[in-house]
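> All chains should be built: construct the whole structure from the sequences, respecting the hints.
As you go down the protein sequences, you meet chains D and Z in turn.
Count along the first sequence from 1, then add 440; that gives the number in the numbering used here.
Count along the second sequence from 1, then add 440; that gives the number in the numbering used here.
Please keep in mind that the hints were generated in silico from the structure rather than gathered at the bench.
Mixed in with the good hints there might be a few duds.
For identical chains, the list gives no copy identity; a pair is met inside one copy or between any two copies.
[Stated by the list, open to error] With a straight-line cut-off of 25 Å between C-alpha atoms, the simulated DSS-like cross-links for lysine-lysine are:
| hint | residue 1 | residue 2 |
| --- | --- | --- |
| 1 | LYS480 | LYS567 |
| 2 | LYS578 | LYS679 |
| 3 | LYS461 | LYS643 |
| 4 | LYS637 | LYS652 |
| 5 | LYS605 | LYS679 |
| 6 | LYS603 | LYS679 |
| 7 | LYS646 | LYS605 |
| 8 | LYS643 | LYS605 |
| 9 | LYS637 | LYS656 |
Protein chains: 2
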Amino acid sequence: MEKQVHPNISVDCVIFGFDFKELNVILVQRELIDPISGEKLISDYTLAGNHVYVDEQLDAAARRVLFNLTGLHDIFLEQFFTSGDPDRLSKPMDQLWLKSINKNPAERVVSVCYYSLINSTSVTIAKKDRIVLWAPMKELKNMALAFDHAQILENALQALRNKLKHEPISFELLPEKFTLSQLQRLYEVVFNTEFDKRNFRKKVNKINYIVKLEEKQVGVSHKPATYFSFDRKIYEESKSEILNFSI
Amino acid sequence: MEKQVHPNISVDCVIFGFDFKELNVILVQRELIDPISGEKLISDYTLAGNHVYVDEQLDAAARRVLFNLTGLHDIFLEQFFTSGDPDRLSKPMDQLWLKSINKNPAERVVSVCYYSLINSTSVTIAKKDRIVLWAPMKELKNMALAFDHAQILENALQALRNKLKHEPISFELLPEKFTLSQLQRLYEVVFNTEFDKRNFRKKVNKINYIVKLEEKQVGVSHKPATYFSFDRKIYEESKSEILNFSI
DNA sequence: TATTCACAGTGTAATTAATACACTTTTTTG
DNA sequence: CAAAAAAGTGTATTAATTACACTGTGAATA
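Here it is as structure tokens:
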């Protein structure tokens, strides 16, 4: 017996990953080929998403989408936006696609959007019958995106930046142990800027929940960097209500 | 001919107002009286909300709710959260209420939530057949709230605080001209803290889009304060991409 | 095995921002 | 004209931010 999905409620996941070089996001290829002519009718990309089951929590639906793609549970996940334009699925190509997958193209779908953070070097992504890929955020402007997914991606990046200004969730994008250059690079690609190495490290040094490990990199063809890790316990304790507002 | 509402999609509005003393929020009284015994079956409060029309934008639905309550257009409005627990309407009292207003109590409703900001001293609020009131945020813990509206209110305050840390939307809660004490009081009640008057004014002085007017208060029984106003044009120009992150 | 490459790692001085703190001024009211 | 009430103002100390350039270490390679 199939679980029943709600025709009007979906979730979309913007899955950010960091490979020590760029900020990437998971996209799913959408391809429709005319069975007669063999012509490509559609060839573009969508976010990972799905309709929610009639009895399913929104968060649970997002986690399900995430798990199906990555095999991972317990990933950082945060709702950031809900897209509900009555015409958001009404471009001709999107209508064609919906028909091809046996959805009613006239049905209004409100999509609750989540972003999640993973360390992309340690994950294999897959989806049966579909090509899934890590797309660099910088390349998105050159990619054809389905529905209103370009808009959702823009909002997601904004939400990530806002979050990262206040909370050390950058660690969700890094492995357990990381070097300070990797951490710096992460902030640089997320905020699309550059920081001075000495000043960055001075700042990090004052943060007590970033702890220096005894271990160093091995096998790199230069001076090996010291590893650091994020101490969740210290963070939770020192998460004082520091008010840092600006008018 | 009635416009048709979508049975599964609603909006709720957390309407913040500032009266120079406290941060308040608009609540709508929910009362159900047994027609036979005269007994009060329900007596509590809800947010202002409504189902969206089948062809209506989410934002437009929120603006409609807002307009119906305040008569105001062009109010600051921002989506901050979507509540979609399948059981969010299933407490016995909520079920009873839904039946009494001829809604199908079994229908799942996903509510897209907005907060908006108004200067509550210059607005009269009303709703036909319902009592509408400004409730101080500090009193909410003592008030019975319908559905999951207590949770939504908590999220709204968090969203407001986050926004106010980065953007000068405080002006949406103030009249055109305001005194620095009023501005300070606003930040104090939103963040539930106190600031030093001299340091606060020092900070404000450095902000070029808060401009001193020639005008002063009249009719107050103490030294009249100078009025200031928010210059939107200067703000837009000086809204540089100041990056103020913390790790 | 000496050289080159690549990135790690480090300190100081100058500027700017944040904090702590108390009295005088102006207006109304009784 | 005295009292009440809130407006308005300055300085010294500490902390944070910025700008800036060389040395150290290990692997690769010539």
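> Run every hint past the structure and note whether it holds.
Cross-check of the supplied hints:
1. Taking CA atoms no more than 25 Å apart as the test, LYS480 paired with LYS567 passes inside one copy only; the shortest distance there is 21 Å, against 55 Å between copies.
2. Proximity of LYS578 to LYS679 under the C-alpha cut-off of 25 Å is restricted to the inter-copy arrangement: shortest distance 24 Å between copies versus 33 Å within a copy.
3. In this assembly of identical chains, the alpha carbons of LYS461 and LYS643 lie at most 25 Å apart only when taken from the same copy (22 Å versus 39 Å across copies).
4. In this assembly of identical chains, the alpha carbons of LYS637 and LYS652 lie at most 25 Å apart only when taken from the same copy (17 Å versus 41 Å across copies).
5. Taking the shortest Cα distances, LYS605 and LYS679 sit within 25 Å of each other both inside one copy (14 Å) and across copies (17 Å).
6. In this homomeric assembly, LYS603 and LYS679 come within 25 Å of each other (Cα to Cα) both inside a single copy, at 15 Å, and across copies, at 19 Å.
7. Taking CA atoms no more than 25 Å apart as the test, LYS646 paired with LYS605 passes in both settings, with 16 Å inside one copy and 23 Å between copies.
8. Both within a single protomer and between protomers do LYS643 and LYS605 lie at most 25 Å apart by alpha-carbon distance, with minima of 14 Å and 21 Å respectively.
9. Within a single copy, LYS637 and LYS656 get their C-alpha atoms as close as 19 Å, which meets the 25 Å cut-off; across copies the closest is 50 Å, which misses it.
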